[in-house]
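Starting from the known structure of chain A, arrange chain B on it as the hints suggest.
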Amino acid sequence: MQPSDMSAVDLVNAVRQGDLTALRATEAFLERIERLDGQINAFLAVDREGALRTAAAIDDKRKSGKPLGPLAGLPVAVKDALCTSDLPTTCASKMLAGFRPPYDAEVVARLRAADAVIVGKTNMDEFAMGGSNENSAFGPVHKPWALTRAPGGSSGGSAACVAADMAPVAIGSDTGGSIRQPAGLCGITGLKPTYGRVSRRGLVAFASSLDQIGPMARSAADCALLLETIAGHDPGDATSLDLPVPAYGTDLERPLEGVRIGRVPAHFGAGLDPEVAHAVEEAFAAFRAAGATVIDIDMPHADAGVATYYLVAPCEASSNLARYDGAHYGHRAEPGKGHRAEPGRLQPAQPVSGHRAEPGSGQGNASGGFESALVEMYCRSRAEGFGPEVKRRIMLGTYALSAGYYDAYYAKALKVRRLIRQDYLDAFEKVDLIGGPVSATAAFKLGEKSGDPLAMYLVDLYTVCTNLAGVGGISFPCGFTKGGLPIGFQLQAPALAEPLLLRATDRYQHLTDWHRRRPAIAARPR
Amino acid sequence: MSLSRNDVAKVGLLARLALSDADLDTMTRELSSIVGFVGQLEKIDTADVAPLAHPLDTQNVFRADVPKPSLTTAEALQSAPRHDGECFLVPAVLGDTGAA
Numbered sequence: 001m002q003p004s005d006m007s008a009v010d011l012v013n014a015v016r017q018g019d020l021t022a023l024r025a026t027e028a029f030l031e032r033i034e035r036l037d038g039q040i041n042a043f044l045a046v047d048r049e050g051a052l053r054t055a056a057a058i059d060d061k062r063k064s065g066k067p068l069g070p071l072a073g074l075p076v077a078v079k080d081a082l083c084t085s086d087l088p089t090t091c092a093s094k095m096l097a098g099f100r101p102p103y104d105a106e107v108v109a110r111l112r113a114a115d116a117v118i119v120g121k122t123n124m125d126e127f128a129m130g131g132s133n134e135n136s137a138f139g140p141v142h143k144p145w146a147l148t149r150a151p152g153g154s155s156g157g158s159a160a161c162v163a164a165d166m167a168p169v170a171i172g173s174d175t176g177g178s179i180r181q182p183a184g185l186c187g188i189t190g191l192k193p194t195y196g197r198v199s200r201r202g203l204v205a206f207a208s209s210l211d212q213i214g215p216m217a218r219s220a221a222d223c224a225l226l227l228e229t230i231a232g233h234d235p236g237d238a239t240s241l242d243l244p245v246p247a248y249g250t251d252l253e254r255p256l257e258g259v260r261i262g263r264v265p266a267h268f269g270a271g272l273d274p275e276v277a278h279a280v281e282e283a284f285a286a287f288r289a290a291g292a293t294v295i296d297i298d299m300p301h302a303d304a305g306v307a308t309y310y311l312v313a314p315c316e317a318s319s320n321l322a323r324y325d326g327a328h329y330g331h332r333a334e335p336g337k338g339h340r341a342e343p344g345r346l347q348p349a350q351p352v353s354g355h356r357a358e359p360g361s362g363q364g365n366a367s368g369g370f371e372s373a374l375v376e377m378y379c380r381s382r383a384e385g386f387g388p389e390v391k392r393r394i395m396l397g398t399y400a401l402s403a404g405y406y407d408a409y410y411a412k413a414l415k416v417r418r419l420i421r422q423d424y425l426d427a428f429e430k431v432d433l434i435g436g437p438v439s440a441t442a443a444f445k446l447g448e449k450s451g452d453p454l455a456m457y458l459v460d461l462y463t464v465c466t467n468l469a470g471v472g473g474i475s476f477p478c479g480f481t482k483g484g485l486p487i488g489f490q491l492q493a494p495a496l497a498e499p500l501l502l503r504a505t506d507r508y509q510h511l512t513d514w515h516r517r518r519p520a521i522a523a524r525p526r
Numbered sequence: 001m002s003l004s005r006n007d008v009a010k011v012g013l014l015a016r017l018a019l020s021d022a023d024l025d026t027m028t029r030e031l032s033s034i035v036g037f038v039g040q041l042e043k044i045d046t047a048d049v050a051p052l053a054h055p056l057d058t059q060n061v062f063r064a065d066v067p068k069p070s071l072t073t074a075e076a077l078q079s080a081p082r083h084d085g086e087c088f089l090v091p092a093v094l095g096d097t098g099a100a
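Protein chains in written order, with this note's numbering: chain A, 1 to 526; chain B, 1 to 100.
If we strip away everything but chain A, and leave its shape as in the complex, we get (with noise of 0.2 Å):
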């Protein structure tokens, strides 16, 4: 068999064994990259050398007797929003091209520990903002299943490099639907884990309270083993827990009898595609025929997740955004360039309602209107290093926090998440999982909704709320449509309940083979 026709427990298990050696399996996956990343172009960084050096030194330690780590040998791609010392970071920006971090993300050096092979740094939306990943500023990805259509996002690269079978695992991040959105357009499995499970250490913040990385694999066998290594504590940040992590991949043949699977009526209204529809009615049969009982529940607040997700994650994301001001890293405005910009054409006589006016702000002078050639360089950095989505995201988080809006926004924000999180602890009271569709419809194409902000935030529907609440979800394939693409399923647990939810979905990818399929794109050369 060979290495990228591979599951990655099969892989890690061949190399241990030595029927397989990590510089086989690195140069299998390195291959395909080759072949096939022009057309999808998942990939903004691969570290050829980097990764063939990684892979002989494993070999080498494994024929010298020493213990090999836990993904000895195993190819993972890594999303371009984790830090790596030896590779570029870019968070698919132009204000962070070419950037260097100084560390590595604690998950990226976790992998490393594990003696994982670390093959590229794939394709995003810029900062994680979008589900399409057309907001790249290094150009959309390609769907593997049929290349006009977006992968989602905002971890695109991640999911369209697995269902491609270019790395047999890659790394994600969810802070909206990130990593299960595109697992569920592309066909593969994808697990955002309770809020704090993930070190966040060294991944690029979006929205802190939202944000945590996960595994994206081809079952969740393979996100079980994945998320076994990336999992647990770091004093490094504050927000990751320190409780034990669990052998992920030691319990998920246990039969499902017993279990209870929320089904939300809700969630079948208008504006789900009837064959994606009929795919996550067939999925609960399924769980049903796998011993689970299905129960429909009631998610009250469902219906206010996207609002207020679209004020949270812009909030915190105009802070954390803050950083990127052209001084200690990143893109910085040439002095003198440049048309000059409007804020100087701010009559400060003319101060707007219900915002308190900033001290010198809009103040006249040789710098084209801002208030010091510091600020000036500010703005245009920012400006010119930032695409439009995550200015307007920047934008309207620093409205909804401003003076005269903070409590008719971002406060009341925060109320309506306390209300969806009640849903899910009600919700769990009754049932052990919460089951239905990732996405509204199986695909769109590039360029669909790009032209309409508010059509693309609606895509994150079934999605925003996990987030919100900090619980866990997983994405799977559960069908296909009737033009060949895959059709996704999410299972929510409660927060740490990951061993279950990768239980179900193992059950479930014993009892069906949706997630065998390959795109055709993924077929070896004759």
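FYI, nobody ran anything at the bench for these hints, they're computed from the structure. Model, not experiment: these values are computed from the prediction. Yeah, the Cβ is synthetic: ideal placement off N, Cα and C, and Gly gets one too. Watch out, some of these pointers could steer you wrong.
What the hints assert, rightly or not - Derived DMTMM-like pairs: lysine to aspartate or glutamate, alpha-carbon spacing no greater than 20 Å straight-line:
#, chain 1, residue 1, chain 2, residue 2
1, A, K482, A, E257
2, A, K482, A, E275
3, A, K482, A, D513
4, A, K449, B, E30
5, A, K94, A, D325
6, A, K445, A, E389
7, A, K94, B, D48
8, A, K449, A, D273
9, A, K63, A, D19
10, A, K415, B, D45
11, B, K68, A, E49
12, A, K61, B, D48
13, A, K66, A, D19
14, A, K94, A, E334
15, A, K61, A, E49
16, B, K43, A, D303
17, A, K415, B, E30
18, A, K415, B, D23
19, B, K43, A, D407
Unchecked claim - A few chain B positions that, by computed beta-carbon distances, are all more than 10 Å from chain A:
#, residue
20, V66
21, D84
22, G85
23, E86
Same frame as chain A, now just chain B:
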């Protein structure tokens, strides 16, 4: 809820984003539409609900107050657009001369 062009220009300055005339037009239209959408939360009764800023109950996580190694000056400066080996260099903070 619609925002005026002037509101958007003001927010742009608060956010330290230079906006061209064309940016202001687009941003005013798009932000008005998004703010109108998120404004639907107004209809939800939250009279006795406390805000939830964070999903965890964890509070005030401290580490021992002992010095630890951190980035060296050279590491901290390695990606700086301008520096002199010891400090980040920026344009004049006051006034408009002496851009670095």
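Regarding the pair A:K94 and A:E334, is the alpha-carbon distance no greater than 20 Å? holds (15 Å)
Hey, A:K415 versus B:E30, does the alpha-carbon distance stay inside 20 Å? violated (25 Å)
Distance rule for B:D84, whose beta carbon must clear each one in chain A by more than 10 Å: holds (13 Å)
Can we trust that B:V66 is non-interface, i.e. its beta-carbon lies farther than 10 Å from all of chain A? holds (12 Å)
CA of A:K94 to CA of A:D325, is that 20 Å or under? Holds: A:K94 and A:D325 sit about 13 Å apart, inside 20 Å.
Just to be careful, I want the Cα atoms of A:K482 and A:E275 compared with a cutoff of 20 Å; is the pair within it? holds (8 Å)
Verify the proposed pairing of A:K63 with A:D19, using a straight-line Cα cut of 20 Å. This hinted pair holds, its Cα atoms lying about 13 Å apart.
Non-interface label on B:E86, tested against every C-beta of chain A at 10 Å: Answer for B:E86: holds, closest chain A Cβ roughly 14 Å.
Proposed proximity, A:E49 with B:K68 (alpha carbon, max 20 Å): This hinted pair is violated, its Cα atoms lying about 33 Å apart.
Keeping to a limit of 20 Å between CA atoms, is the pair of A:K94 and B:D48 held or broken? violated (44 Å)
Hey, A:K445 versus A:E389, does the alpha-carbon distance stay inside 20 Å? Between A:K445 and A:E389 the Cα gap is close to 18 Å, so the pair holds against 20 Å.
Proposed proximity, B:E30 with A:K449 (alpha carbon, max 20 Å): holds (14 Å)
In summary, the numbered hints that this structure violates are 1, 7, 11, 12, 17, 18.
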